[in-house]
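The chain contents come next:
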Amino acid sequence: MQATDISQAILDIIASIAPDEDLSDVKPSVRLRDQLDLDSMDFLDIVMELRKRYGVEVPEEDYPKLATLDSCVEYLTPLMAGK
Amino acid sequence: MARYDAIIIGAGMSGLSAGIRLAMFDKKVLILERHNIPGGLNSYYHKKGRPFDVGLHALTNYAPKNARGAPLTKLLRQLRIPWDALRLCEQHGSEVRFPDVRLRFTNDFEVLRQQVHAAFPHAADRFDAFVRFVREYDDVSLDAPQVAARPVLEEKLGDPLLIEMLFCPVMLYGSAVEDDMELGQFCTMFKSIFLEGFARPEGGVRTIIKLLRDKYLELGGELKMKRGVRRILEEDGRVTGVEVEKVTGADAHVEALPPGEDAVLEAPVVISSAGYLETLALIEGATRPTDDEFPVGKLSYMETILVLDRQPRDLGIDQTIVFFNDSPRFHYRAAEDYADLRSGVICASNNFAHVTDPLPEGILRVTSLASWDRWSALARPEPYASVKQRWHDAQVDALLRYVPDVRPNVVFSDCFTPRTVHHFTRHLRGAIYGAPKKVRTGLTPLNGLFICGTDQGFLGIIGSMLSGISIANARVLQPAAQGASHASS
Numbered sequence: 001m002q003a004t005d006i007s008q009a010i011l012d013i014i015a016s017i018a019p020d021e022d023l024s025d026v027k028p029s030v031r032l033r034d035q036l037d038l039d040s041m042d043f044l045d046i047v048m049e050l051r052k053r054y055g056v057e058v059p060e061e062d063y064p065k066l067a068t069l070d071s072c073v074e075y076l077t078p079l080m081a082g083k
Numbered sequence: 001m002a003r004y005d006a007i008i009i010g011a012g013m014s015g016l017s018a019g020i021r022l023a024m025f026d027k028k029v030l031i032l033e034r035h036n037i038p039g040g041l042n043s044y045y046h047k048k049g050r051p052f053d054v055g056l057h058a059l060t061n062y063a064p065k066n067a068r069g070a071p072l073t074k075l076l077r078q079l080r081i082p083w084d085a086l087r088l089c090e091q092h093g094s095e096v097r098f099p100d101v102r103l104r105f106t107n108d109f110e111v112l113r114q115q116v117h118a119a120f121p122h123a124a125d126r127f128d129a130f131v132r133f134v135r136e137y138d139d140v141s142l143d144a145p146q147v148a149a150r151p152v153l154e155e156k157l158g159d160p161l162l163i164e165m166l167f168c169p170v171m172l173y174g175s176a177v178e179d180d181m182e183l184g185q186f187c188t189m190f191k192s193i194f195l196e197g198f199a200r201p202e203g204g205v206r207t208i209i210k211l212l213r214d215k216y217l218e219l220g221g222e223l224k225m226k227r228g229v230r231r232i233l234e235e236d237g238r239v240t241g242v243e244v245e246k247v248t249g250a251d252a253h254v255e256a257l258p259p260g261e262d263a264v265l266e267a268p269v270v271i272s273s274a275g276y277l278e279t280l281a282l283i284e285g286a287t288r289p290t291d292d293e294f295p296v297g298k299l300s301y302m303e304t305i306l307v308l309d310r311q312p313r314d315l316g317i318d319q320t321i322v323f324f325n326d327s328p329r330f331h332y333r334a335a336e337d338y339a340d341l342r343s344g345v346i347c348a349s350n351n352f353a354h355v356t357d358p359l360p361e362g363i364l365r366v367t368s369l370a371s372w373d374r375w376s377a378l379a380r381p382e383p384y385a386s387v388k389q390r391w392h393d394a395q396v397d398a399l400l401r402y403v404p405d406v407r408p409n410v411v412f413s414d415c416f417t418p419r420t421v422h423h424f425t426r427h428l429r430g431a432i433y434g435a436p437k438k439v440r441t442g443l444t445p446l447n448g449l450f451i452c453g454t455d456q457g458f459l460g461i462i463g464s465m466l467s468g469i470s471i472a473n474a475r476v477l478q479p480a481a482q483g484a485s486h487a488s489s
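Protein sequences appear in the order of chains A and B.
Be aware that the first sequence starts at 1, since it is given in the working numbering, and climbs by one per residue.
Be aware that the second sequence starts at 1, since it is given in the working numbering, and climbs by one per residue.
If we strip away everything but chain A, and leave its shape as in the complex, we get:
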């Protein structure tokens, strides 16, 4: 998967978790939590959706690496290679 695809995959997951949020202007370098009102329950959902949709396991200690879209791409690129 390409960087832009990973970024879109994360946005798609957020769109399904938070259908009322406006995702048209999410800044890739700003913490998702700061622009989108996501809490720890929502992050659990992102992790579970990654597993459900792409078979990617994110261990609890790596949750901080999902803080921004940029860091998601960086962290998930090797894990999602070939998916």
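Source of the hints: derived by calculation from the structure; they are not laboratory data.
In this text, a Cβ means the ideal position worked out from N, Cα and C, and glycines have one as well.
It is possible that part of the hints are untrue.
Unchecked claim - Label-pair ranges, simulated between beta-carbon atoms:
1. B/Glu136 with A/Val30: 21 to 31 Å
2. B/Lys65 with A/Leu11: 14 to 24 Å
3. B/Asp262 with A/Val30: 28 to 38 Å
We have chain A already, so just place chain B on it with the hints.
Okay, now just chain B, sitting in the frame of chain A:
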């Protein structure tokens, strides 16, 4: 033999919400419901062609679309239900009414704040400080310590009348404890009533129940109606499944399962919304806690519902909900007589802003504390029916102390008692808010058996749904996510 990842007891708001969460992440889930209608405490029925609600007067915790950090926002996200689907209609305005003081409030907290400042000028600063305290209090963590609210209110507010006036709606809408409340629960209810406020889903409680049920089924969850749990099965302290029974009719008559249907269903996880003691009673050989260790709830209600030939507004009734009490001291205790009409709640279901469909007829509901002992001792159909008629009339008289005489405009009326609450919820003694002690963690003496709903302790409509979500997350989904990641790392 049928096997599931999880079996949930009860298709009320908490059970359906837990079911949605588990089904969303591909668990094979079954919900068992004794009734032919889902909803439990917040359910609905038809009589003489009219739809009626049980339980819900209003949804508390109202929040506008996308309100940051609001319980309603969190809940909708977790269930992936869009805000618009609830079709929420905001209240016009409500009131706490004591003999010499009335406190009006709306979904704009500033209204109540000014009312308190005007009626209790000497306590104005203390009230503001108290509200800050409530806002910051962590009332949602599953392992918060349990503290009594009354001493805290006495210390922080000082004024006895103000304390009673704040306790009145908060207790009537959620306390399972006589004359007091656990502080976290008080804060939850205070926020949900005063800081957030009331709305009514258009169509009433069935709008929410139908949304939850449809979502659950759409995600592949299984739902069996008219199926109760006869026993919870265990082996060496671990739950293994349940034994099912068929329940029919208004008297909850139990009969044999149809041929070919499995009586024993296996699951490593059972989440029960039946109440803590009620759930323990289903485990064969389990010792029931003594009344000192875990008392049975004592508080139940009766309610009269009047159908009017015109809108309450046309009869001079403008308020949405009125919490009344006829003396400076509010008594929140099990009624000694059939009902305690000194206090209660009046709800005009029409007095919410309507989105598209206003209610065709006027609906006034009046609710008061009632005695389980007295109502449950009556034989049916008589004298139960005639005693019910007598107390229905007495409850209308109590109502008329606060509203103009609506009797000439009544076209139909109905009444429920603690027996009705018991029928819908199966709570011991028809205890509307369950047992006074809450089990926040959801844990029981059996591994794999958890409780959600009333006795887990999140209150109100939103609370009940959050209860199911929290228990599903904390006890099933989170351990699975972490277990899997630990295994892979």
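Does 21 to 31 Å hold as the CB distance between B/Glu136 and A/Val30, or does it fail?
Holds: the Cβ-Cβ distance is about 27 Å, inside 21 to 31 Å.
Does 28 to 38 Å hold as the CB distance between B/Asp262 and A/Val30, or does it fail?
violated (53 Å)
Has the hinted range 14 to 24 Å been met by the Cβ atoms of B/Lys65 and A/Leu11?
holds (20 Å)
In summary, the one numbered hint that this structure violates is 3.
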